[in-house]
Amino acid sequence: NAGVTQTPKFQVLKTGQSMTLQCAQDMNHNSMYWYRQDPGMGLRLIYYSASEGTTDKGEVPNGYNVSRLNKREFSLRLESAAPSQTSVYFCASSDRGRQPQHFGDGTRLSIL
Amino acid sequence: TQLLEQSPQFLSIQEGENLTVYCNSSSVFSSLQWYRQEPGEGPVLLVTVVTGGEVKKLKRLTFQFGDARKDSSLHITAAQPGDTGLYLCAGAGGDYKLSFGAGTTVTVRA
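Taken in sequence, the protein lines are chains L and Y. Quick note on numbering: the first sequence equals residues 591 to 702 in our numbering. Quick note on numbering: the second sequence equals residues 4 to 113 in our numbering.
Because the hints were derived from the structure by calculation, they are not lab data. Some hints could be false.
[To be verified] Within a straight-line C-alpha distance of at most 25 angstroms, the following computed BS3-like cross-link-like pairs (lysine-lysine) qualify:
no.	chain 1	residue 1	chain 2	residue 2
1	Y	Lys59	L	Lys661
2	L	Lys647	L	Lys661
3	Y	Lys100	Y	Lys62
4	Y	Lys100	L	Lys647
5	Y	Lys100	Y	Lys59
6	Y	Lys59	Y	Lys73
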C-alpha cells in the first residue's frame, strides 16, 4: 500500500536548470497538492488541484508550474531553477478539500 | 505571515514530563488538524477536531478545539522519546486548502 509516492528523493541542480518532480497516489483521491517546507516556515502551498482537470495557485506559485496528468499523477516543474528554490518539496492528496491530507516522503532539492 | 501561529517553536523535556503545544489564529476554521512529522518523512495525521469546544484523546495525547474555532492545543502526558518530532497544526477554511502553522519541534530526552 504505497499511498503517495514522490520521485526523486534527492536532487542537486545548477542555477538555470529545469526539473520536474513527480507525484503519484494510489488512493483514488480527488485533490492533490504541492508544498515546500523551509526551516521555521512550516508548509507553504505552491499549487493544488481540487479535481482532475483543474489546477490553482497557492501561496507561493512564482517560478513553478504544475500538470495534473490524470487522477493519480500531479507533477511540479521548475523551468529555471534558482537558489531560493532550495527546499524540501512535499506532495499530498486528499479525498476532498478540507479532508485530511496524505503526504509523500518528500523530495530534497538543492540548487547551487 | 502565518495564518496559524504555533508556540513554542521548540520544546525539550525529560521523559515522563508533560507538555502542551498551542495553535492560535484570528481566523475561524471549519476544522483543525494536527500532524506529526519525523525526520526524512512526510507529516502524518494525528487527529481532526471539528466542533468548537471539542476534546479528543488519543492514548496520552489530548487535543482541544477552542469554543470559537480559532485556536487549539495539544497536550502530551508522560512524554516518551517516541513522541519526539515536529508537530504541525493545520486549519481548514472555506475552500480546498489547508493553512499550516510553522510547527513545534518537540524533543523528549530519555
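**Item:** Restraint check for Lys647/L with Lys661/L, where alpha carbons must lie at most 25 angstroms apart
**Value:** holds, 18 angstroms
**Prompt:** Between Lys100/Y and Lys647/L, is the straight-line Cα distance small enough, at 25 angstroms or below?
**Reply:** holds, 11 angstroms
**Prompt:** When you check the alpha-carbon spacing of Lys100/Y and Lys62/Y, does it fall within 25 angstroms?
**Reply:** Roughly 29 angstroms between the alpha carbons, so the hint for Lys100/Y and Lys62/Y is violated.
**Asked** For the pair supplied as a hint, Lys100/Y and Lys59/Y, is the alpha-carbon distance within the 25 angstroms limit?
**Response** holds, 23 angstroms
**Message:** Hint check: Lys59/Y vs Lys73/Y, CA-CA at most 25 angstroms. Holds or violated?
**Reply:** holds, 16 angstroms
**Message:** Next pair to validate is Lys59/Y with Lys661/L; report whether the Cα-Cα distance is within 25 angstroms.
**Reply:** violated, 33 angstroms
Violated hints, listed in ascending order, are 1 and 3; each of the other numbered hints is respected by the structure.
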